[in-house]
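2 protein chains.
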Amino acid sequence: MNTISKDQLRSYINNVVYLTEEQIALVLSFFKPSRHLKYEVLVEIGRVNQFMNFIDRGCVRFYFIREDGLDMTRNIAFENEFATGLASFISGEPSMEALQTLEETNLLRISRQDFYYLLNVIPAWEKFFRNYLEYAYMNNLKIYQREIMKDASARYKELLRFNPKVIQRLSNKIVASFLNMSPETLSRLKSKADL
Amino acid sequence: MNTISKDQLRSYINNVVYLTEEQIALVLSFFKPSRHLKYEVLVEIGRVNQFMNFIDRGCVRFYFIREDGLDMTRNIAFENEFATGLASFISGEPSMEALQTLEETNLLRISRQDFYYLLNVIPAWEKFFRNYLEYAYMNNLKIYQREIMKDASARYKELLRFNPKVIQRLSNKIVASFLNMSPETLSRLKSKADL
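These protein sequences, in sequence, are chains A and B. Numbered by our numbering, the letters in the first sequence go through residues 33 to 227 in order. Numbered by our numbering, the letters in the second sequence go through residues 33 to 227 in order.
If we strip away everything but chain A, and leave its shape as in the complex, we get (with noise of 0.2 Å):
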């Protein structure tokens, strides 16, 4: 009841970096199995992220909340990809983030610890977390750029190009905080690409 497979896992670190039979079963091993509902928040604002998440089912968002309340959600994983607030992952200090699942979601996640560890006794895992790392920081300067540079309308026809599942799967509430718009403005450009 409580097995996830990891083979989706194994076929992306596989793709990552070149670990032997042995490795990879030692990395594997330490990737526990954990089941979510939708809705539940996985990190907390204030609390240390003590889990790198990868999402084997289901969706993650990643928020702030600011001082009047609102929460601005600043990224969305799915099945599929890594979902971890690397920030407090690194450094160890309270999330400034918060995580949450948008659906049921199935993860296998790898504590602080143990990951340290990986580092420690598998010399080629640094080459995996260099790519994690890497692909992070290009996906959050684009995220910074989109929003510092890009009108409401050009913010929504891009992510209509490169992440289509966020508005096919979300709800319209997400997808606006998302997009830092109103949900009317987002309703508004919707129904004109429906045209």
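If a hint is listed, it holds; no wrong ones were tucked in.
Heads up, simulated DSBU-like pairs for lysine-lysine below, C-alpha to C-alpha not over 30 Å straight-line: (1) B:64 with A:159; (2) A:197 with B:174; (3) B:205 with A:174; (4) A:182 with B:189; (5) B:182 with A:205; (6) A:174 with B:197; (7) A:174 with B:174; (8) A:159 with B:174; (9) A:182 with B:205; (10) A:64 with B:159; (11) A:189 with B:174.
By construction, these hints were calculated from the structure, which means they are not laboratory data.
Based on the hints, put chain B in the right spot on chain A.
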């Protein structure tokens, strides 16, 4: 005339990772001195960034240019820091952002090719790069959060607390662009702070 001491860079690296004398000598041999005037553009938007830069002396800013021509300063780095258009350096794709000196600046630069060569021949160099990426990721997330979450006055106060050199050394025009506010708003906040 074209010599720039590598002592500062050597200490920086030694603080991050343990390398043998032979390894550090090899690493340093790939960093070449490069002198730049005030306001020189080091990386243009749309060009691939070929160098990782260590600032021995001076100051470098990172900026995007909006469609309306306004430039948006994302980051500013000073002496004894690295300053690299990292997304383009990693991906080999054209840079979305530009880098420009804001003072007379002495750099020590390593080419992409030499940097990735070092990753192959010195396994410990992976740890240096990991540390670089971790710092860059966390710095970016802070910049994003500041932009999304804080009003003008809070952004100014935060900068004054964490990076006062920006306000002390640079023009109001640059500081305003970094804080994403008009120069008039910045002047008002500065004169308030003087009271």
